[in-house]
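Since each chain sits alone in its own frame, please combine them into the complex, following the hints.
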Amino acid sequence: AQSVSQHNHHVILSEAASLELGCNYSYGGTVNLFWYVQYPGQHLQLLLKYFSGDPLVKGIKGFEAEFIKSKFSFNLRKPSVQWSDTAEYFCAVKRVNDMRFGAGTRLTVKP
Amino acid sequence: DTGVSQNPRHKITKRGQNVTFRCDPISEHNRLYWYRQTLGQGPEFLTYFQNEAQLEKSRLLSDRFSAERPKGSFSTLEIQRTEQGDSAMYLCASSLVGVSAFFGQGTRLTVV
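Residue numbers (this note's numbering), protein chains in the order written: chain G, 13 to 123; chain X, 2 to 113.
These are computed hints drawn from the structure, not numbers from a lab. As the structure is a prediction and not an experimental result, all values here were calculated from the model. Treat the hints loosely; a few may be bogus.
Unchecked claim - Not the full set, but computed from the structure, chain X residues with beta-carbon under 10 Å of chain G:
#	residue
1	His30
2	Tyr34
3	Gln42
4	Leu56
5	Glu57
6	Leu92
7	Gly105
8	Gly107
As the list claims (entries may be wrong) - Derived pair list, reagent style DSSO-like, types lysine-lysine, alpha-carbon separation capped at 30 Å:
#	chain 1	residue 1	chain 2	residue 2
9	G	Lys122	G	Lys70
10	G	Lys106	G	Lys70
11	G	Lys61	G	Lys106
12	G	Lys61	X	Lys58
13	G	Lys122	G	Lys61
14	G	Lys81	G	Lys122
15	X	Lys15	G	Lys106
16	G	Lys83	G	Lys61
17	G	Lys83	G	Lys70
18	X	Lys58	G	Lys81
19	G	Lys106	X	Lys58
20	G	Lys106	G	Lys83
Beta carbons are placed, not taken as given, at the ideal position from N, Cα and C, and that holds for glycine.
So that you can see chain X by itself, here it is in the shape it has in the complex (with noise of 0.2 Å):
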């Protein structure tokens, strides 16, 4: 499958605990976009990176959140200290300039 890969699938933590997301997008994409989607709601944007640089940060993504792409390839979303209110799908998509953006499945967090 040469598609966006996400992991894991499915992430259960308790409150306070650190978790960290992979996405590998599809190869020669240099976009590459995180959004969080809770039940009932469409994707809220997260961040963004052209290559290896995040050119944008949502007032969403609070100090407790990072987000890289070391090498302008995979991406890793870290989430320190998680809260309940973190608990979301967390979705990775890719593209070209230009072109429509390709999604992950998802990772899926509860915080306990």
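Next up, chain G with everything else stripped away, as it sits in the complex (with noise of 0.2 Å):
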């Protein structure tokens, strides 16, 4: 089945260390990708996001993302994480008309 496939269900860093999840797909054909953050409380919305183009793309707050076709993949990463990035991070891929999105990754950053 297709499907968008997030590795990490739960993530628990210290302020400053490295972050990378990791986010991989198996449509084929032209896609468009992205990644969503969700703080607790609040709503969906866009961190960065992939149509074309250089495949390295930068999204607010310091986090980026790689586009790698011939993985089918489309990890995010931040070099240093802040205790305000705790969250739940979602991967999603969008075809022609509609839009799938991974189980979510649970980001804990302990102060």
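Printed below as a string of structure tokens:
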């Protein structure tokens, strides 16, 4: 079945640690790729997106993601996390009409 | 606030009752999506409109579920004969063609 997979369900880091969250998808053809963040009690917000061009995309709050077409991956990175990054992170893949989400990764940053 | 607006924010209903949720998208957005999110899961696609046309429906959308977008602006999602398994957060998102989707705060449904 076509899907979006996020490898880590819960990641716990200390402040200033580096972050990498994995995302793989199984759809063929042209896709648009997104990372959304959901802070506690808030709605989903767009962190960054890839449509075309440079496969390394930069988003808000120091996040970046790299699209590797051959690996069907779109991993999210941040060199130094902060306590305020504690949230749930969702990878999403958009084809022609719809957008499908991974199950999410809960990030807890310890002060 | 000119973002996506969903009402009500919370709904508690008895099993077997019908419920209706409303979504007001960002005004110029022609695409509107409905998702369902349960605890510990990512949003699951339910259905999608382009203007007033419902272009795709997930098989998750049983015949008890119906969605409309009568004038290509706001949308409603109705669940008939609710079941406990329908308890979830129902999310609405809107976008323009080729642009990222913006999400509303969601409607949390609890079926007791």
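Hint numbers not upheld by this structure, sorted from lowest to highest:
Going through the list in order, the structure violates hints 1, 14 and 15 and respects the others.
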